[in-house]
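Asker: Fit chain B to the known structure of chain A by using the hints.
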Amino acid sequence: MIMPPFTRLRLLAVLGCGLAVGPLSQADETCNSPYMKRLTTQEDFMYIWTLGVSGVGDEQDKLVTVDTLPASKTYGKVLNALSVGGRNEAHHSGYSDDRRTLWAGGLDTSNIFLFDVATDPAQPTLRKTITDFVAKTGGIVGPHSFYALPGRMLITGLSNNQDHGGRTGMAEYTNDGEYITTHWMPTDDNLQGAVKTGQFADGYGYDIRALPRLNVMVSSSFTGWNNYMMDLGKMMADGEAMKRFGNTVTLWDLHTRKPLKVFDVPGAPLEVRCAWNEKHDYCFTTTALTSKIWLIHRDDHGEWHAKDVADIGDPAKIPLPVDISIAADDSRLWVNTFNDGMARLYDITDPHAPKEIYSKHIGEQVNMVSQSWDGKRVYFTSSLLGNWDKKQGPAGDLQYFKAYDWDGKALQEAFAVDFVAEKLGLAHQMTLNARSMYTGKQSPVAPQASTGGSLATTGH
Amino acid sequence: MQICAPWRRRSGGALLTLIAITVMAQATAHEAHRAANAAATDVAPGYLALPYAPPTPGTYALPPIRPAADGAIIDDTGTPRRLHALFDQRITVLSFIYTHCDDANGCPLASFVISQAAADIARVPALAAKVRFVSLSFDPQRDTPALLGRYARPFRKPGVDWVFGTTADEAALTVLLAAYGQDIERDASGGTFSHVLRVYLIDSDARIRNEYTTSFLHSSMLAADIRTLAMAASPAAEVPGSTSLGPGDDKSGYEDAAYVTRSRALTARDAAPADLRATLTELPLGLPRDALNGPLPTDAQIALGRQLFFDRRLSHNDTLACASCHIPDQGYTNNELMTPIGIEGRTVKRNAPSLFNVGLLPELFHDARESRLEQQIWGPLLASNEMGNPSISYVLDELRTLPGYRAQFAAAFPQAPAPSMETLGLALAAYERALVSGDSPFDRWRYGGDAAALPAAARAGYALFTGKAGCSGCHLVGESAALFTDHELHNTGLGYRRSMASPQTLDVLVGPGTRLAVAPGIVAASSETPPSDLGRYEVTLDPADRWRYRTPSLRNVALTAPYMHDGSLRSLDDVIAFYAAGGQPNEGLDPRLKPRRLTAAERTELRAFLDSLTGSNVDILVRDAFAVPIGDRQAD
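Protein sequences, first through last, are from chains A and B.
Just so you know, my numbering puts 52 at position 52 of the first sequence, and the rest follows in order with no gaps.
Just so you know, my numbering puts 288 at position 288 of the second sequence, and the rest follows in order with no gaps.
If we strip away everything but chain A, and leave its shape as in the complex, we get (with noise of 0.2 Å):
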């Protein structure tokens, strides 16, 4: 559109009187869906979505709270841990658009639990259960991400009820728990219009996220029921089950939700993350088996491709690549190893040659890494599923929640929660809250006394 210079001068002008016009496609933690309420402020509590597991406590899935505030007195303290009722394999957690909500599945059960995290954040309450997950979806097992679109959620499943295989689709509910649509995984006879570029196109799901400036989604593949249940050793051994593991990433047009192409990305690629700089087009998965980190990324003529772009670690020993974040300005990428324990950090400023140049041992095992927005504050937890966790280790050090201080250079340990001594289970995916986030009462009919939370949040 051509504005004549008059124009362009109010626009601006406009633009410039308004308050905390702040960029849009931002969000706190660089995973979150670009549709959510963006936190500014310090995180107070981080929400820890918790495997019950024989033996520890009350044994059932749980979303454990713990002050982040450094000034406050319970700094580093667990606040209050709410059981679900059941152990569901409670797997991963995300935020409504408004951020209201906090949707957590189990990957066993196929339960979803909505806690309201708005109107008391230090201590969230269990707002409903989905227990019809499979039967309205068509046949989804396993709820894994939970990705806000607006008004909605996009749920990705790993599984389905017919054969507990790989074979999987995704789901969109309202932010209000009802089920809207499934979307399958594209197959070889069914690729709904995506184009197949290479040899895979086995329909398995894991991960999404979304670009909305290209209107591109990316979603990679893991594994089904029978193996993500699986004791770990029996399925290492058991060679027909190896060979149950996604070797795709699918590109998928945001907007109609239909697929565009399906990539060859061997070895169960998992976790996505974005770029968020608006001239950075590309995203990085890393795979689980394979060990190494893939780029997927649109090149000049606007055409999508995937590329593996480094090792992590040593392939041979299966150091099991599993969480990655990525830093708000593309320039740094966390990666964990959950066999060894490690976390590592990669340079990735240029995108297709990463290099680690830092890596700390956090624990017995790790899998998921949280960072805050300004990447000061790295947070840690252990669990990766319950029958593939280690069994023993040195006592804080195999399941816990542990919160470090990132100065650009080290990692140094700012506090720890030893999930077994506290009786809680296996720690999982972490998301970040702050009281700032809810200013007031949901209702209009009277103002509100000022809560003295910031009111500069931005659009998105």
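Simulated from the structure, these hints should not be mistaken for lab results.
Straight-line C-alpha distance at most 20 Å; calculated SDA-like pairs for lysine to any residue:
(1) A:Lys128 x B:Arg66
(2) A:Lys317 x B:Thr514
(3) A:Lys317 x B:Pro520
(4) A:Lys307 x B:Ala258
(5) A:Lys391 x B:Pro531
(6) A:Lys317 x B:Ala519
Answerer: For chain B alone, kept in the frame of chain A given last:
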């Protein structure tokens, strides 16, 4: 999340915004042009040219999200209206705004984008006639109808049907906002609202079909969605049904780097209920008559058993059905693992036996510990490492409460309609018993007198099977029928080998054609101790029975990989090689096992013979299985 600065802090601001928007709305959009880079990150995408092509209308679906609520509003002429009446069975674009907002990425953005989309739609009068734009204020105190009327004037273009409205009071507004999930918060002074900007696309049945927030809101996308709704919905492309056998993502050739997937859609199942009872009364060619191991079931009993077989709610936590380990299109076993896992992933140490012709077996399980199908079911139902139910009553009580089963039990067992230990067993056994399969190419050649039915290689293989290879010593072939089993238990040495093995370096496929040697210690910390397995000894406690396992039937053996009691032999070629070597020597080795010198060509012929044992009705049984809805947990 938008902030709209309070009116009193920006007395000219709102008007400035209005002018800016008006001018922008009037500007034509023929050329793509990006705003200055410095402001680019601060400008909502809705103000800029779309950096990608919008989707072609009609090529995608907009599934209904939820009903669009009705409510009482007052339009900008001061007339009370009902929202649904305002929707008037058109396509409606609904937004919530307030006139004092001057956050450019807030309400003005919505108005701008909608005005652009409206202008686009107005170029096609027939389409525009089906569309109405509605903007409601969530500031009824300040946004009077009169003020809204003035605000609306620049947006009222020819061909654009755009209604502005407000509510009578805060109470009416609150109800409406809650219904649309439009959360807003007022600041301390009461002048500023913060809210998530939401625009709704509503169809002619008052259902919300899409929802837009700032990053998602663009006139090109909105116009494409409006056009998509206006087009008659085209039926989703049908995926052709398939009864391909084997796992839905075929992994054969995975050991090779040249492996190519041949995956099938989960929705591509060719379903067709069959008359299973008819197959039982008229047994397929080659099956022994009078060998049914229980009563001939009725249609109603088979139907009930079939429904139960596919019901995941029969396990303690609703995750496993019988069909989870005995998968119809995977030979009624599981082709994707050596031994299954049960509830919460607990290890099961033996391969799931195929259920083909299980109704003709006098002994069940690999260790023959059960003789009646009706009784066998309680093993898996109660085993803590399988379906994990805490007691018999627990299972029966569950069946009494699940809707639909009451009527089915009554129909199947009119003399004893309440589910009981006995009737549950009879029902499941009824379905399993109906899974008879015969009339294979071998049967037609041997028992049907059709000399051409069996290819030469398979005929040669049969000669080896009953001759030099010695297989028929245990896998019996009768004069008028064959089940290929002597129903006895033998020590082949496979179990012995496992018991005596030391941890090995594993040869692991980490991707197609990519192997890694994994030292046993690498995942030791994550691994349980593998369970021991002494076979029949665990039943009789007779040392002579160590590592003895039941001779399985070989019917449909081509469909039931992997093989042996522990699934440790992946292919029939591996099985032939094992027996050609004479099994695994050990003290109790069955004397019938001895090394057989078989050439490569002879092994191929044996293989061809085994492949010829697949019954002609497998497709029918599988299509019938596909027609059963899988039982899953419903909403509480």
